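Here is how the chains run, residue by residue.
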Amino acid sequence: MIRLEKRPQPSKAWTVATPILAVILTMIFGGIMFGLIGTSPVEAIRTIFWDPLFHPQFAGFSRPQLLVKAGPLILIAIGLSIGFRAGIWNIGAEGQYIMGAICGAGAGLALYPMESALILPLMIVAGALGGWAWAMIPALLKVRFGTNEILVSLMLVYVAENILASVSSGLLRNPEGMGFPGSRNLSQWSSSQNLELIPNTGMHLGVLTAFIAVILAYVLLTRHIQGYNIRLTGEAPRAAKFSGVSPARTILFCLGLAGALAGMAGLFEVTGPAGQVSIDFGSGYGFTAIIVAFLGRLHPVGILLAGLLMALTYIGGELAQLMLGVPGASIQLFQGMLLFFLLGVDVLTNYRVRWGTSEVAR
Amino acid sequence: MPDLLRLNGLTKAYPGVVANDDVSFDIREGEIHALLGENGAGKSTLVKMIYGLVKPDKGTMTLRGAPYAPSEPSAARTSGVAMVFQHFSLFDALDVAENVALGMENPPPRRDLAKQIRDVSETYGLPLDPSRTVGTLSAGERQRVEIIRCLLQDPKLLIMDEPTSVLTPQEVEILFETLRKLKAEGTAILYISHKLEEIRALCDHATILRLGKKVATCTPSETTARAMAEMMIGSSFASPAAKHTTPDEVLLRVDNLAMPAPGAFGTPLRGISFELRSGEVLGFGGVAGNGQDELLLALSGERTTKRGTIWVKGADVSRDGPVDRRAAGFLTAPEERLGHAAAPNMSLTENAVLTAGRRQQLVKKGFINWGRADRFAEDVIKRFDVRTPGTHVAARALSGGNLQKFVIGREVAQNPDILVVNQPTWGVDAAAAAAIRQALLDLASKGAAILVVSQDLDELLEISDRFGALNEGRLSGLKPVADLNMEEIGLMMGGAHDMEVAHVDA
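Just so you know, the sequences run in chain order H and P. In terms of our numbering, the first sequence opens at residue 49 and continues consecutively. In terms of our numbering, the second sequence opens at residue 10 and continues consecutively.
Only chain H is shown next, with the shape it has when bound in the complex (with noise of 0.2 Å):
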């Protein structure tokens, strides 16, 4: 019988460990997947994890592409998982994320054609200023009628994702697109355009700010008394009072950081890589957030790595759907297994495995 015990903390070898050992399992299971579809197992698992970086005739586009489908996802989760932390479940990043691209760049558009170098900081003050905005309202309902912020927020989403239809084909519509819903193309307004900071490596100033997010969220969790009192708050509600923090503060900032950082994730998506506000710029960044959230551990730096894993299996997967013509479920399948395995093996870090003959009923 196998039985799992208890360890007395967690272990701090096995919270390093575990990814690693998601990642190789998910590789053996899935090549043999790949294999009963009939591809080479190798070929297949060399083709996500290693073409779109290292292969000579692809990598030189997909390279840039890790870091451009990073960017957004990290800094989204890096303020989520704040908010995570504290036990606030802010699920509506997505709408966050739709408001402050929409906020942001209604900013710029109001000033086009205009040209100043303060044009693009203003529409990240915007942009953040919306996302913040969105995540008020869940905020505070959450603590004047506590109302719960999972529903609340989720639900928002979809408000949001209406506003968006509307304003791309009414109030921010391009005057000159012939009807076309879609805004004027912001990265081809010089004002506004969120350029590649190096050519040929999608760092763009959203990257930047989501890796200056990651080392600002890793002190303020580790040095500064907000984010001990935001994990307290996560551990246990009471011992927290009892320390003096206050629930609604923390749920106020929490949220409020959140919606920040997906509203600044949205104005660099819609200055940068999407160009404009357009019906279809939802791209589920807000949700898959979430997942990098959690395979992260809620830890900045595991975030950050879980961001570019996630983003390389995506360009992984659809170069291997290109190349080795696998079909696109197996590669979400393949997805998911990583998914399961790193949650799964998590429990090494709180569990013993004990092999032998368990005790007698208690």
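Please note: incorrect hints may appear among the correct ones.
Which residues of chain P face chain H? A partial, calculated answer using Cβ under 8 Å [to be verified]: (1) E311; (2) A352; (3) P353; (4) T364; (5) F376; (6) G380.
Hints listed in this document are in silico derivations from the structure and should not be mistaken for laboratory results. Values in this document were obtained by computation on a predicted structure and should not be read as measured data. Ideal placement from N, C-alpha and C gives every residue a C-beta, glycine not left out.
Go by the hints and put chain P onto chain H.
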């Protein structure tokens, strides 16, 4: 008298700890047998084996000569073994008869059951109305429901786990009359407690456990409480030395403090007023659930109260939160260690920051100085003899007693002007309890004002200068401890809570 239950070499091990190691003793028919030991000595595991909740790894039991190995509590009940737990398993919203029926294998029709309850309760001097809703009963009356539920099964052996911890002295007397009557009828009682004077008054024999082993047996009435205590802890220990200070200026003044109940099961605070002076130890007794936790919440600042109700050194702190109160030198330690006083998954260093951040300058400009925090935690561990491999250990990995030493030590080490503690020695072994009490007295000697809220009357009488009791959210008058006797204390605690006194003609 012949033996009723013989325990032979009972052994039970859990990962990392042997809860019972080769324990053998006999319980005779019609005796009250005390099972004595400190927290963690293995008393609970032993009675759980007798009651069929836990299976022994080794060893056998015989009941009236026949092998006895209950696989579950219902088998134990069928064999005539019943148990009253320390924590009641009753439904507030149901009435007495319904609660009793829920605990029976084949409950009789309601009308018969009500009659049976009345009969049993009259026979044993435990007056109880079968149609009362349990939610309206006092702790002592709830215990009666549990006892009657057991007695209806006509047990040969009744196990009682710490039955007096929820009772006032008057209620204890009533309970003892009942137990003596049961004994006279031939029912054996296994009485678990660590209250030595009670055992001396009630029990015929005592078996003493220490670290899972039987270390001694004695006849309590012929042994002193101190001798039993030393057998229990395996060494002698120093009683706290009295302090020599006279109460000085008023540091804490609570003026007509009232607060609605925090939830459906809380107790509202009603007009509590007292003054706490420098150098003084004030003790608040009372049965659990009479407003102790709520008073602590109001004093710690977790719940703020009306302006003008709480004054620290002449300043109104009623609207201040915990952080500001600590800054003013007003520290508290709540009863519940894990989850309230300490965060279970956080290290001791992190838990040190929980209350000491501001006062010990562990936090500067918002940033935590972990080196300092670690040194402070280290200091608490050393001063209060907390047994732990180090400060990096999670709070949940410490035993209850050690964590208690840490959370009390954390406040004491901050040299508060005013310290309020709730159940400071709850679940702590005798030597550690003595150390904690000594630390509180030392703090008072240095001029701090101490309020100890506790359900352990002996503790309060030992260390307090003045005593008051909480009863249904009200505070009794405060009296100097030197002038008090048990009778008075019991009345301050609410007397018998309107429970009728037993009419036992045994």
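Here is what the structure says about each hint:
1. For the restraint placing E311 of chain P at the interface with chain H, the shortest Cβ-Cβ distance is roughly 5 Å, inside the 8 Å limit, so the hint holds.
2. At about 4 Å, the closest approach between the beta carbon of A352 of chain P and any beta carbon in chain H falls short of 8 Å, and the interface hint on this residue holds.
3. Annotation: interface hint on P353 of chain P holds; nearest CB of chain H at approximately 6 Å, less than 8 Å.
4. For T364 of chain P, the interface hint holds, since its Cβ comes within 8 Å of a Cβ in chain H; the closest pair sits about 6 Å apart.
5. Interface restraint check: F376 of chain P against chain H, minimum CB-CB distance 5 Å, threshold 8 Å, status holds.
6. Taking 8 Å as the C-beta contact cut-off toward chain H, the hint placing G380 of chain P at the interface is violated, the least distance being around 12 Å.
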